[in-house]
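Using the sequences provided together with the hints, build the complete structure.
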Amino acid sequence: MSEMFLSVERVTKRFRSAGRDVTALDDVSIAVERGECHAIIGESGSGKSTLGGLILGLYEPTSGLVRFKGEALSKRRPLRLKRAIQLIQQNPLSALNSRRTVGQSVRLALDVHNIGERSHRGALVAKLLGEVGLPADYAGRSPQGLSGGERQRIAIARALACEPELLVLDEPTSALDVLVQARVLQLLARIRRQHGLTYLFITHDLAVVRGVADRVSVFQKGRLIETGSTDEIFAAPQDVYTRRLLAAIPVVSEEEAKFRDRFRAEIDVEEAED
Amino acid sequence: MTFISESPGWRAFRRNPTALTGLALVTLVVCAALFADLIAPYPSHAGPVGDFTAMSAQPSGQYLLGTDTIGRDLFTRIIYAYRLSLEMAIVVLAIATPIGVVVGLLAGYLGPAWSYALMRLTDVFLSIPPLVLAMSITGFLEPSAIHGMMAITAMWWPWYARLTYNLTRAEKQEGYVLAAETVGASLPHILFREILPNCMPAILTKMTIDVGFVILIASSMSFLGLGAQAPTPDLGSMVADGAKYMPDSWWLTVFPALAILIVVMGFNLLGDGLREAADVRR
Amino acid sequence: MSVASAGVVGKDSAVVLGVRNLRLSFSALRGPVEVLHGVSLHVRRGEKVALVGESGSGKSTIARLVLGLLQDEEVAAIGGSVRLGSREILGDQTAIRAARGDRVAMIFQDAVSAFNPTFLIGDQFREVLRRGDPKISNSEALRRARAALADVYLHEPDRVLGSYVFQLSGGMSQRVMIALALANDPELLIADEPGSSLDVTVQARTLHLMNELIGRHGASVLFISHNLGVVREFADRVYVIYRGRIVEHATAAQLFADPRHPYTRALLAAIPKLDRTRLPDTPETSPSFADPLIEHAGCSEPPPASA
Chain A
1 MSEMFLSVER VTKRFRSAGR DVTALDDVSI AVERGECHAI IGESGSGKST LGGLILGLYE
61 PTSGLVRFKG EALSKRRPLR LKRAIQLIQQ NPLSALNSRR TVGQSVRLAL DVHNIGERSH
121 RGALVAKLLG EVGLPADYAG RSPQGLSGGE RQRIAIARAL ACEPELLVLD EPTSALDVLV
181 QARVLQLLAR IRRQHGLTYL FITHDLAVVR GVADRVSVFQ KGRLIETGST DEIFAAPQDV
241 YTRRLLAAIP VVSEEEAKFR DRFRAEIDVE EAED
Chain B
275 MTFISESPGW RAFRRNPTAL TGLALVTLVV CAALFADLIA PYPSHAGPVG DFTAMSAQPS
335 GQYLLGTDTI GRDLFTRIIY AYRLSLEMAI VVLAIATPIG VVVGLLAGYL GPAWSYALMR
395 LTDVFLSIPP LVLAMSITGF LEPSAIHGMM AITAMWWPWY ARLTYNLTRA EKQEGYVLAA
455 ETVGASLPHI LFREILPNCM PAILTKMTID VGFVILIASS MSFLGLGAQA PTPDLGSMVA
515 DGAKYMPDSW WLTVFPALAI LIVVMGFNLL GDGLREAADV RR
Chain C
557 MSVASAGVVG KDSAVVLGVR NLRLSFSALR GPVEVLHGVS LHVRRGEKVA LVGESGSGKS
617 TIARLVLGLL QDEEVAAIGG SVRLGSREIL GDQTAIRAAR GDRVAMIFQD AVSAFNPTFL
677 IGDQFREVLR RGDPKISNSE ALRRARAALA DVYLHEPDRV LGSYVFQLSG GMSQRVMIAL
737 ALANDPELLI ADEPGSSLDV TVQARTLHLM NELIGRHGAS VLFISHNLGV VREFADRVYV
797 IYRGRIVEHA TAAQLFADPR HPYTRALLAA IPKLDRTRLP DTPETSPSFA DPLIEHAGCS
857 EPPPASA
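Protein chains in written order, with our numbering: chain A, 1 to 274; chain B, 275 to 556; chain C, 557 to 863.
Rather than coming from a laboratory, the hints here were simulated on the basis of the structure.
Possibly wrong hints are sitting among the right ones.
[As the list claims (entries may be wrong)] BS3-like, lysine-lysine: derived pairs with alpha carbons at most 25 Å apart: (1) C/829 x A/258; (2) B/480 x B/446; (3) A/69 x A/82; (4) A/221 x A/75; (5) A/75 x B/480; (6) A/82 x B/446; (7) A/82 x A/127.
[Claimed, not checked] Partial list, derived from the structure: chain B residues whose beta carbon lies under 10 Å from chain A: (8) 290; (9) 447; (10) 453; (11) 459; (12) 463; (13) 468; (14) 471.
Yeah, the Cβ is synthetic: ideal placement off N, Cα and C, and Gly gets one too.
Here it is as structure tokens:
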């Protein structure tokens, strides 16, 4: 292993908000290998979305460095690096421009990065839509009137159009109904296999993590408090906060409840106050 | 709970009596201006020469709204004045809107330094009372319809800059803008293909209302002698000229003034109706 | 928070909320769109009943109908009956308004927007207490507001009462809303996705607290949720709703041990499980989801009340 695929090296990010400095990320280091699905777990205010934003180049770290295949990532980056790192957002309703057709939204990436012959791009869009399970005639439709699941599939097709290497998924299914979520998670897993993608999967849902992730990093209040393989974390979480997160999850079966209540035993759910 | 139907906005518009009134008035004025040559009973009266045998004639079957002091048909002159007013309004808005929209898009999308600089510039223009600015421009140059239009344009674009700035700031928070950025789209694409189309309904609504206001300002200026000069038919100067002959030749003032009222009200009601329709759609 | 006991309350205890064959359609350009196709459900005194379904199932529409909050929409037709106790309230705005905030209270998903941002929390408390007791004195209202906040473990009641809603955290405003909803000892509490916009740890605490307080106040609850896990921990009895139709009716214990309707089974299967490393692989829709209602043993609608 010569160099890490994605590495976050001692990154701190502070924002100025209402005249005060707020530390969103505090001296965080993470290493992500090519091809893995790395879950970033945390509640609101944990800094998990800030981490995604730094990798995408929405802001500059206050200190520390983000490297992608050995190359330092900053806010201003060449088109080639933008293309390699794509994002799937949480809210599929706002992620598509309702004044542009589905086809225009997907095709944008092809035009920007000059992918395929110009005359061939219509067919490429149809192929991308097919890959996410949508009929080709969706290209001519407006996103208005499409369901959340359909919109999220289109957003995935748009990201795939860039032929990326790393996908940052920021709560990609938490706005979806549970039956739709199951389909979209399956789709994301299939796409990762077929394209050999690396995922940074940002979520608050530990049950989803169990099914999708190879490794997990747990964040709380801007700090990385625990990292390990998914199996390790679920077998023996080291930090009390991780146990508390696991213990708080509502479950739907006796077996699942037994699994969870191992963590619950040591935690008084009421102990923490706002 | 939302339901998708063909166009709830249009349905709201159709059920809105004031909006329909506005549409009717605007259609009336626009048709009159477009087909002035066909409608006007005495097209030659748009120029300097009238019929000296019928000076200051009362409204009658022959002269629907009467004639002026040199015998020109008032109805004809109002129709041609509408044509001039609409032309002026269109030219003013066609120049002011793009300037304002581009300034607003840039100020709303770019970083705080840019938005500060551009919006303070806008504030400077907004802080000068419109008529004063217009008077000083036409004061430096010589009063004419063209200079009047320049003056109005100079004071009109900041309103579009401010409107577009606020719309852009809101749109910038939407996920589709972030998506275009992560895909690597260029600045012009993000501004004009992604954000601008979402601002257009509000901008078009404002333009509709502003047609009326531009005509009102232009008329005020020519009323003060700063706009179109004789013999061009202009509603503002017609009111001013007629005022000297009140109350004997009342029609010389009353009908041009009513003509201004109709056009300003028409565009205002129409614009309000469009705004409500756009709100329903949202 | 253990799994709620079977807790089928005796058949003889009074029905607090009775919804019978409720139909509702909205008018759209292409004609009326039916959203509720004859929904029947009931809540007995002291019972916690959940109505669970996905977005667009009509579950929140039912809550808004019961609270009389639909009059602004373009409702094409309403049919059926909604009774609070023995009183028919469907179409009777005065009856609904009289009941709201006193006999019936509501907890919303988004606590922050449920409060008026321009009034102090304390003023809103007094307003609500006055609806229950028009002659209440200011000092008595203050005393009861303090007690209500102490019940939800807010240790600085005076600071909260002197705050605006935007000065409180998400978890705190949820608790204040619970305190406010229970201030007049309502017979029926309608909770629409409570806490679902909060973090899991805060949500767990909020639900736990709600459960405890409801028990103490003896209120009945209609609990509307999309989250089967939350329903399992909270409800005695469950209705599963799919596209405007109740498809399964069971006690919580029956439903989670033995789900029978294809839709319920699909929902349960689709939830990612903590103890499974494989992702669920369920279809998004199936014609069998529209199968007729399945009622479990001991669960049925009471006979129509004679008013």
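Verification of the hints:
With a C-alpha separation of about 12 Å, the suggested pair residue 829 of chain C and residue 258 of chain A falls inside the 25 Å cut-off, and the hint holds. Between residue 480 of chain B and residue 446 of chain B the CA atoms are separated by roughly 21 Å; this keeps the pair inside 25 Å, and the hint holds. Of the supplied pair hints, the one linking residue 69 of chain A and residue 82 of chain A holds, its CA atoms being roughly 13 Å apart against a limit of 25 Å. A distance of roughly 24 Å separates the Cα atoms of residue 221 of chain A and residue 75 of chain A; the hinted pair therefore holds under the 25 Å criterion.
Restraint check for residue 75 of chain A and residue 480 of chain B: not satisfied, since their Cα atoms lie roughly 37 Å apart, outside the 25 Å limit. Among the hinted pairs, residue 82 of chain A with residue 446 of chain B is consistent with the structure: their alpha-carbon atoms are about 19 Å apart, no more than 25 Å. A C-alpha spacing of about 22 Å is found between residue 82 of chain A and residue 127 of chain A, which places the hinted pair at or below 25 Å, so the restraint holds. The beta carbon of residue 290 of chain B comes no nearer than 23 Å to any beta carbon in chain A, farther than 10 Å, and the hint placing it at the interface is violated.
The beta carbon of residue 447 of chain B is positioned within 10 Å of a beta carbon in chain A (closest approach about 8 Å), and the interface hint is therefore held. The interface hint given for residue 453 of chain B holds, since its Cβ lies 5 Å from the closest Cβ of chain A, which is under the 10 Å cut-off. The criterion of a C-beta within 10 Å of any C-beta in chain A is met by residue 459 of chain B, whose closest approach is roughly 6 Å, and the hint holds. With a cut of 10 Å, the hint placing residue 463 of chain B at the interface with chain A holds, because the nearest CB-to-CB distance is about 8 Å.
Hint on residue 468 of chain B holds. Least Cβ distance to chain A is approximately 6 Å, under the 10 Å limit. Taken as an interface hint, residue 471 of chain B checks out: its beta carbon lies about 4 Å from the nearest beta carbon of chain A, inside 10 Å.
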